[in-house]
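K.L.:
Let's have the full structure, built from the sequences with the hints guiding it.
Heads up, the sequence shown is in my numbering, so the first residue is 15 and it goes up one at a time.
It should be emphasised that the hints constitute simulated quantities derived from the structure, not laboratory data.
Any given hint might turn out to be false.
Cut-off 25 Å, straight-line C-alpha distance, at most; resulting in silico cross-link-like pairs (BS3-like, lysine-lysine) [claimed, not checked]:
#	residue 1	residue 2
1	K618	K603
2	K608	K630
3	K630	K611
4	K563	K630
5	K563	K591
Here are the computed distance ranges between Cβ atoms for each label pair [stated by the list, open to error]:
#	residue 1	residue 2	range
6	I531	Q433	16 to 26 Å
7	P267	E592	33 to 43 Å
8	E632	T233	24 to 34 Å
These numbers were taken from a predicted model, which means no experiment stands behind them.
Note that the Cβ used here is the ideal one computed from N, Cα and C, for glycine as well.
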Amino acid sequence: MNVFEDLVVELQEENLLEKPVSEPLSERSVPDHDDEIHETEMPNPSHDLSEYGERDLVGDEMHDNVTESVLTEPYSEQYVAASSSYETAIHDTEEPVVKEYAENNFASIEAPHVAPAPQPEILGHYEDQPVQDHEDVPPAADVEAGPVAEGETQVEQPQDKRIRKGKEFFKKRAVGEVSSLQMVEHVVTGVEREYLKLMPRAYDDFNAKKALNIFLQVTEGEDSEAHAGAEFTLMQETESWCSALANRDRDIPVSSLRTYCERSRPALSSQALLGLARFYRNLPYSEAVRSKFDFVITRLFSRAVAQEKRICLFNRDETLTHINTLYSDWASIPLYTADDDESKVMLTALSFEDLAIEAENASVFDQLIESDFFGRLRMFKESISELFYAPQVTAAAIDCNIRIGNAYVELIDRERRKQDVSAMQTKFESIDQMAISEVTGRSLGLEELLVELSRDAEINIPMAEEPRVEPEIDYSEPVETKEKPVKVVNENSYFQRLKANAFSVNRWFLAAAIVMIAASFGLYTWANFVTDEKVSSSGVAQVEIENTKLQEHLRIARISGETFYGQLLPSWDVLPKEKRLEFLDIVLKAALEKGCKQVNLISKDGKTAAYATATKLEVVMP
Numbered sequence: 015m016n017v018f019e020d021l022v023v024e025l026q027e028e029n030l031l032e033k034p035v036s037e038p039l040s041e042r043s044v045p046d047h048d049d050e051i052h053e054t055e056m057p058n059p060s061h062d063l064s065e066y067g068e069r070d071l072v073g074d075e076m077h078d079n080v081t082e083s084v085l086t087e088p089y090s091e092q093y094v095a096a097s098s099s100y101e102t103a104i105h106d107t108e109e110p111v112v113k114e115y116a117e118n119n120f121a122s123i124e125a126p127h128v129a130p131a132p133q134p135e136i137l138g139h140y141e142d143q144p145v146q147d148h149e150d151v152p153p154a155a156d157v158e159a160g161p162v163a164e165g166e167t168q169v170e171q172p173q174d175k176r177i178r179k180g181k182e183f184f185k186k187r188a189v190g191e192v193s194s195l196q197m198v199e200h201v202v203t204g205v206e207r208e209y210l211k212l213m214p215r216a217y218d219d220f221n222a223k224k225a226l227n228i229f230l231q232v233t234e235g236e237d238s239e240a241h242a243g244a245e246f247t248l249m250q251e252t253e254s255w256c257s258a259l260a261n262r263d264r265d266i267p268v269s270s271l272r273t274y275c276e277r278s279r280p281a282l283s284s285q286a287l288l289g290l291a292r293f294y295r296n297l298p299y300s301e302a303v304r305s306k307f308d309f310v311i312t313r314l315f316s317r318a319v320a321q322e323k324r325i326c327l328f329n330r331d332e333t334l335t336h337i338n339t340l341y342s343d344w345a346s347i348p349l350y351t352a353d354d355d356e357s358k359v360m361l362t363a364l365s366f367e368d369l370a371i372e373a374e375n376a377s378v379f380d381q382l383i384e385s386d387f388f389g390r391l392r393m394f395k396e397s398i399s400e401l402f403y404a405p406q407v408t409a410a411a412i413d414c415n416i417r418i419g420n421a422y423v424e425l426i427d428r429e430r431r432k433q434d435v436s437a438m439q440t441k442f443e444s445i446d447q448m449a450i451s452e453v454t455g456r457s458l459g460l461e462e463l464l465v466e467l468s469r470d471a472e473i474n475i476p477m478a479e480e481p482r483v484e485p486e487i488d489y490s491e492p493v494e495t496k497e498k499p500v501k502v503v504n505e506n507s508y509f510q511r512l513k514a515n516a517f518s519v520n521r522w523f524l525a526a527a528i529v530m531i532a533a534s535f536g537l538y539t540w541a542n543f544v545t546d547e548k549v550s551s552s553g554v555a556q557v558e559i560e561n562t563k564l565q566e567h568l569r570i571a572r573i574s575g576e577t578f579y580g581q582l583l584p585s586w587d588v589l590p591k592e593k594r595l596e597f598l599d600i601v602l603k604a605a606l607e608k609g610c611k612q613v614n615l616i617s618k619d620g621k622t623a624a625y626a627t628a629t630k631l632e633v634v635m636p
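P.N.:
The structure is reproduced here in structure tokens:
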């Protein structure tokens, strides 16, 4: 037995890890009477997920105890259990245990027991399945090993927990992929049953687990034919499984997935959200897939706080580091091209920052509605398409979603303090609340939000102070009092009262106020009439466009480095896409003649309207 198997045995003996369902019957303890089986406590059938066992991620949110290791620790080598036992993994951060078998011997692997279905590759849905839960188990590398038995040699563990190459890396990635597909299968099944009112048909994952078991037991190196054949077979099975899940997911609206994840009790674990993020990140691009990935990744990197708001778990740089690590673990292929250079990625990330600042600077909710803020945010996310998956853009989108959602809650709370709930519902009943929830990555229904804010306000109302009890005074003895002389003031004299008030002002305060007013006036005069504004133009060259074709739609053109910048005229807005591409090609040729390599055309609103290189032409249509 190796060190990992010893660890598994120790955890099972301490009742910290349940035995895999694939363990031979001879090693299990079979009850003598059927009554002992039926007396076992079963979970509530109305929930898909386990509500039993000790968990560190329960309640409304599961991120209170999340550390960086949850996002960066690789999957431990393990065998993914059958369908009847893997459901607990969706609420726990640990997966089932690897159980080794003799090569090409799968008699002891227990296939999932399901009802027959018309299609040969589809099994019946999960119906009233008993779900067990187990206590959270720390990763194998973090568990302190017990004393070494006599005659055994202690194997030194490597210092680097993240194996980036070799056979072990491929095994861990394969196990992580199959485990993620199991969690996605469970979530999709729950959404279909609870929100789409469909009869879920689970995918027969036995062949995928069989291929995984063969792959895990290959003893040759990663360059051998046996390793390549086992990996190819496993890849075929996982691709077939992923395709089946993608076909089912295509019928699931973004709102149904969002509601299921937010209202699941107990809450979904970080590993379940990681599995969903991995699934949607590696699917072919579509707007629905991008929107689901936007919601899942935002929820993964944030947690709820008071007053119906959320905060990021990490700062921007840490979030970017974690996203890069996850992409590497998922073997995700970049969907954006190499022509989308760093400057375009940074411009897109800065656009998210500008949108978040605009929402935070709004003083009333009507400002966002009148400017169609949420419509512009939706159109911007749709316009960047595959570029959304760039790590810098994804990190900026997560921060933008959280900040805009918090600004929305704050503005609604301000309106609630000014008027009653019924008046607000009548005033904002025409707002597309579903679209707002989709672009912010969380459910922001107006009615539910007002109820929660009102409840929080009632909880935070301070208790009334107790009446002050005056001390009892004995008035039996007479007390001599002196009456103050009353000054006779002519109430009809307005100027006398004004004079008295003026002389009652503190002289030092009056002098300081006069000095500050004089200094402010002098600074304003000096800044606007004395000094001339100087703008640095180093490294920027003006381009003459008069009497050229560029003058037709360009107001001004400049060259900075190897980039040609042009500010568009309003005539650009009425051009069809073909005319825009034709004009962009003319600008690109002129830029190449001047030694530039790329072109950026900026609209009158200050946003990028067109982009071109020697190999790519792209325009943004409204």
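K.L.:
Against this structure, judge whether each hint is valid.
P.N.:
Going through the hints against the structure:
no. : hint                    : result
1   : K618 / K603             : 23 Å, holds
2   : K608 / K630             : 18 Å, holds
3   : K630 / K611             : 11 Å, holds
4   : K563 / K630             : 21 Å, holds
5   : K563 / K591             : 18 Å, holds
6   : I531 / Q433: 16 to 26 Å : 39 Å, violated
7   : P267 / E592: 33 to 43 Å : 34 Å, holds
8   : E632 / T233: 24 to 34 Å : 50 Å, violated
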